[in-house]
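Can you make the complete structure from the sequences, with help from the hints?
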Amino acid sequence: MSVRGKAFIAGAYEHPLRTIPNKTVQQVHAEVAAGALADAGLSFSDVDAYFCAGDAPGFGALSMAEYLGLQLTHIDNTETGGSSYLLHVQHAAEAIAAGHCHVALITLAGLPRSSGAGIGGAGRFGSAPEVPFENFFGLSIVAGYAMAARRHMYEFGTTSAQLAEIKVAAASHAQHNPNAFLQNTVTVEEVLQSKMVADPLHMLDCCVVTDGGGALVVVSPEVARKLSRHSVPVLGTGFAVKHVNNGRIDLTHTGAVVSGPRAFTEAGLSPGDIRYASIYDSFTITVLTTLEDLGFCEKGKGGEFVSGGGLQAPFGKLPFNTDGGGLCNNHPSNRGGITKVIEAVRQLRNEAHPAVQVPNCQFALAHGTGGNLATRMGSATLILGQEV
Amino acid sequence: MSFLPLADVEMNNETQPFWDALHNNTLLLPRCTSCASVVWYPRAHCPVCFSTELEWEEMSGRGTIYSYSIVAKGNGRWKESGPYVVAYIELSEGPRILTNIVNVTPSEVHINMPVTAVFDTGDDGRVLLRFTSVSTS
Ligand SMILES: [Zn+2]
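Residue numbers (the working numbering), protein chains in the order written: chain A, 1 to 388; chain X, 1 to 137.
Treat the hints as calculated values from the structure; they're not laboratory data.
Each hint can be trusted.
Facing chain A, a subset of chain X residues (Cβ under 7 Å, in silico): (1) 70; (2) 78; (3) 96; (4) 100.
Have a look at the derived ranges for each label pair, beta carbon to beta carbon: (5) X:24 x A:100: 54 to 60 Å; (6) X:23 x A:130: 18 to 24 Å; (7) X:112 x A:38: 55 to 61 Å; (8) A:309 x X:44: 51 to 57 Å; (9) A:16 x X:10: 41 to 47 Å; (10) X:55 x A:250: 25 to 31 Å; (11) A:130 x X:112: 22 to 28 Å; (12) X:11 x A:355: 55 to 61 Å; (13) X:110 x A:44: 54 to 60 Å.
The beta carbon of each residue, even a glycine, is placed where N, CA and C say it ideally should be.
Below you can see the structure in the form of structure tokens.
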């Protein structure tokens with residue numbers, strides 16, 4: 001069953017703050033939920049489906065449904081790390097297409113900054129079978145991505161300066177976002193001179209650690225038609241699990257090699273049709289590898305593709321992360337998925353900052369990479385359109 | 001032994017022979033009697049053909065570095081370890097294994113470097129499988 005055109009993103013909201021002291025995680029979930037529903041022109045009583053992931057407390061959707069006061073016919077706790085919320089859009093579209101619900105609310109919230117959790121946060125994976133074979137070697141999140149970067153450099157000649165171009169483009173966009181955690185532009189030199197965290201990744205190759213959250217409202221075509229707000233149709237969805245595969249892992253590709261083609265096929269589009277892309281940017285290497293895997297350039301040519309302003313809005317080859325992305329703007333709860341969808345919606349509604357708004361942005365792509373490039377990940381691709 | 005932290009690792013019936021062997025300076029991994037795959041990480045079934053007929057087999061302990069990173073400063077118990085090397089080594093028998101490269105100057109580590117197993121054992125009996133350069137072992 002294709003979900004093409006069977007569901008619409010009617011509401012999108014990003015929490016404006018990046019440090020939120022003295023609030024609970026569930027409170028921030030409620031704030032972003034209210035924001036997205038107001039954006040859509042709907043209310044809590046209209047919601048009949050609710051989606052959340054591992055950042056939600058307790059039983060997830062069960063606990064949150066009660067806390068928010070929702071009366072539901074459908075819930076989904078799918079957890080794939082930072083990509084969860086893109087997968088939730090796919091699952092919401094499927095549930096809507098199947099007639100199980102009409103108004104689906106998706107929320108993300110977290111307070112890693114105020115709680116001092118740092119990148120990656122505290123996991124709840126203590127009993128997972130892989131833990132004794134991975135977690136006792138000082139493998140920080142950054143070190144995992146650094147190994148992926150190192151192997152990419154070895155196989156394809158990618159350089160640290162090319163990775164730095166990704167941060168430079170993100171920062172050039174973030175200067176226009178008054179809510180961005182980092183609003184200063186940077187040069188390739190500044191990225192290369194920033195502290196080496198896990199060789200070959202520098203401090204400025206890493207995403208920010210922020211409190212905050214975001215929410216989306218996905219609705220049926222019937223509901224979308226009644227709303228005055230510009231709704232964005234879901235045209236294509238793709239998902240893939242990539243794991244260590246019995247110790248035969250290849251560090252140079254992501255699950256996007258599978259999720260991307262699935263989404264393009266469902267949408268009936270190809271990479272050349274995409275005017276704007278939100279690419280998950282936990283680290284610069286995440287972007288580089290994903291761009292190759294989604295087919296925006298040949299495998300191994302990502303370094304060339306991102307150089308010379310290739311990703312800079314509005315006139316680069318492929319304008320990306322025009323809110324400043326996770327590298328500069330926001331990575332709430334150490335999960336950048338929902339903000340990827342939110343900025344794609346802004347672009348398609350022609351509501352991005354004028355300095356970075358892509359002209360005639362007919363088709364946009366949002367991609368999430370949850371988990372770790374060095375071990376297991378959930379890769380989720382969405383292709384969204386402009387016309388209602 | 002190296003100077004990196006060791007750990008109290010939780011064992012179970014699926015992994016106990018692996019850990020017991022490390023204490024005897026031996027690397028044992030399950031091999032599938034049905035499809036001959038070496039299984040990593042150890043478990044009670046083969047994730048390639050789903051057979052439960054596995055046999056523990058002694059590995060060479062030799063391999064090469066597939067990728068690595070020099071971590072400037074670790075977290076928690078690793079904070080005082082100084083720069084250390086996290087790596088994936090490709091064992092001669094096939095699996096790519098997450099580990100540390102020890103007893104080598106970090107700047108000398110490189111992809112394809114031949115490595116051999118180090119059964120890194122503390123006085124208290126804790127043990128981890130690490131690797132070092134063949135030339136320094
Ligand atoms: Zn087998």
